[in-house]
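Chemist: Chains A and B, in that order, give the protein sequences. Here the working numbering is used: the first residue of the first sequence is 193, the next is one more, and so on. Here the working numbering is used: the first residue of the second sequence is 152, the next is one more, and so on.
It is worth saying that the hints were derived from the structure and are not from the lab. One thing to keep in mind: the hints can contain errors.
[To be verified] Sample of chain B residues lacking proximity to chain A, with all beta carbon distances greater than 10 Å (derived): (1) Thr167; (2) Ser169; (3) Thr202; (4) Val222; (5) Ile233; (6) Glu275; (7) Glu315; (8) Asp327; (9) Leu461; (10) Gly476.
[Stated by the list, open to error] Between beta-carbon pairs, the in silico distance windows are: (11) Pro280(A) with Ala212(B): 23 to 31 Å; (12) Ile172(B) with Val196(A): 50 to 58 Å; (13) Thr154(B) with Ile320(A): 41 to 49 Å; (14) Ala307(A) with Leu256(B): 47 to 55 Å; (15) Thr154(B) with Phe317(A): 42 to 50 Å; (16) Asn158(B) with Asp312(A): 21 to 29 Å; (17) Ser169(B) with Asp312(A): 18 to 26 Å; (18) Arg248(B) with Asp312(A): 15 to 23 Å.
Being a predicted model, the structure only gives us computed values, none of them experimental. A virtual CB, placed ideally from N, CA and C, is assigned to each residue, including glycine.
As a plain string of letters, each chain reads:
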Amino acid sequence: MRLVLVLFFVLALQTTLFAQLRPFGVAGQMMLLFTACAGVTYGITIGTITGLVAGLMYDLTLATPLGIGSLALGVVGATAGIYLYFFPTPIWWLRIFAIAVASALGEIYFPIAQAMVGLDGWIQFRIIKVIAVVVVVNTLFAPGMLVVSRWVLSERKART
Amino acid sequence: MATASTNRRRAIILLTLSSLILITLDLQNSTAVSGLRSVFGTFFRPVEGLTRVFTRPIGNAWFGITNYNDVLDENSFLRQQIAQQEGATVAAAASVRLSQELLALNGLPTLAGINAVTAQVIGESPTNFSQTIEINQGSESGIRVGMPVLNAAGLIGKITKVFENRAFVMLITDPDFGISVKVVSISRTTTATTVAKGTSATTSTAVPLEVSPFLPDSETTTTTSTTVPIAGFTATVTTLPSTPQGVTSITVPKTSALSVRETGALEGQGPSRQPTVRFVDNSVRFGDIDVGVPIVTAGGSRSLAPPDILIGNVSRVVERLGSSGPLLEIRLVADLSNLSFLRILLYQPITEKK
């Protein structure tokens, strides 16, 4: 429940502030960042669940087919969670690096998911610029979002 | 621990399957999915509105910092442009009115006869892989999926999703956008054949029909008179002018002198590239397409937009081998980066009307 409520506010930030502020015409992706933070902190399973829920909520505000963002963010959460396999002992800067990598991959998964349902045309050279900007923006906000995601998901972790 | 792990796996499977089912349903335009979006919107809009109140000053500060010099330059440029265009606007408005009167006189559809709804842009797409905007008018105002959306300059997109009091507009630059268009090629030489009073045909550069109110002094009218002396009858003389009264010559423009229209399909190419027009016939009659030639909607019973809405002009012509015809890159007349108030034409083609 806490996850859904917090995602509500993250989504509101995404559709207002981050949809407006577009450095070089690219919007920072807060839902993607939240999912990557969850994956990096709590591993593949919780990362995937967070991504699927966040993506579904994100999809409900977009004009693209419902479910695409859910699958894309689900895969991002799982990808970010792989970090814990390789580095079980958390190192803060490596964690932020993992978030940056997951963010970059997330911006590739999304157009691929769209292409799979026939919405092709988004895999272009522009994607390099999109990835670069999203990685920079998400890296800047990663420390703050790590704290938020840890607080939100600590309840879930404590119960289990 | 094992139970929790099983539950999580079940949750992942359930959510993944739900996503796949929802994709399938949404691609089939299911009303259930639209209902789900509407319900979510009911809860989410107030939160979004509240967030917007707090984030707007941050956004304004950001734009103030990053765009200040650009805004100053743009302001002076626009002032100069307004001064230049004031005179031209009056002349253009007169031409448009005349054109609409002529179209109406001939029973042809005009944009003036189509009802429109004005809407304000309330949101941009938060994702980097969709060129859509959100407007504050929906089905309550008569808006339906597919209706064309314009700003003051020309066509900017079409409605793709409609809710009660909001709708999504897919911009013309979205790779999934497509519409049939006309390429209006204007001949530069206006050669015409003039049929004068004599039987000989001469070629001149005059195109319009020339009607002179006065007959010239040097006019020589051919008359035919026949007098046959028959007893009991008075002879009658009939004089026929060779051309109608007051008309010295009729100028018939050559077919090649008229503006030639060829249809094609316009497709968006993403925000960083210009839309292109394909399937333009490579016919000899149409000739070469010049840069700057206007592109307007084609209309027709199956097109979602009425004819003759201005889209842009040709910025580059890419010649292709074979019968594929040239590929045209289009410079849009509308500035999609700065959309505020839009006009939605409440137009539906005959094939879509129920």
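Chemist: Indicate, hint by hint, whether the structure satisfies it.
Modeler: We went through each hint and held it up to the structure:
Here Thr167(B) does not stay apart from chain A, with its beta-carbon only about 7 Å from theirs, under the 10 Å limit. Distance check for Ser169(B) against chain A: the nearest CB is about 7 Å away, which does not clear 10 Å, and the non-interface claim fails. Taking the minimum C-beta to C-beta distance to chain A, about 4 Å, the non-interface status of Thr202(B) is violated against the 10 Å cut. A cut-off of 10 Å between C-beta atoms confirms that Val222(B) is not in contact with chain A; the least separation is 16 Å.
Consistency note on Ile233(B): stated as away from chain A, and its beta-carbon is indeed over 10 Å from all of that chain's, at 27 Å minimum. The beta carbon of Glu275(B) is not kept farther than 10 Å from every beta carbon of chain A, the shortest such distance being approximately 5 Å. Its beta-carbon lying about 16 Å from the closest one in chain A, Glu315(B) satisfies the requirement of being farther than 10 Å from that chain. With a cut of 10 Å on Cβ distances, Asp327(B) falls inside the contact zone with chain A, its closest approach being about 6 Å.
The claim that Leu461(B) is not at the interface with chain A holds, since no C-beta of that chain comes within 10 Å of its own (minimum 24 Å). The beta carbon of Gly476(B) sits about 21 Å from the closest Cβ of chain A, which is more than 10 Å, so the claim that it is off the interface holds. The hinted window of 23 to 31 Å between Pro280(A) and Ala212(B) is violated, with their beta carbons roughly 42 Å apart. Checked against the given bound of 50 to 58 Å, the beta carbons of Ile172(B) and Val196(A), roughly 20 Å apart, lie outside it.
For the pair Thr154(B) and Ile320(A), the beta carbons lie near 45 Å from each other, so the given range of 41 to 49 Å is met. Between Ala307(A) and Leu256(B) the Cβ separation comes to about 50 Å, which falls inside the hinted range of 47 to 55 Å. One distance hint, 42 to 50 Å for the beta-carbon pair Thr154(B) and Phe317(A), holds here, with the actual separation near 49 Å. For the pair Asn158(B) and Asp312(A), the supplied restraint of 21 to 29 Å is violated, since their beta-carbon distance comes to about 37 Å.
Checked against the hint of 18 to 26 Å, the pair Ser169(B) and Asp312(A) passes, with Cβ atoms roughly 24 Å apart. Between Arg248(B) and Asp312(A) the C-beta distance comes to about 44 Å, which lies outside the given range of 15 to 23 Å.
This entry does not satisfy hints 1, 2, 3, 6, 8, 11, 12, 16 and 18, going by the numbered hints stated previously.
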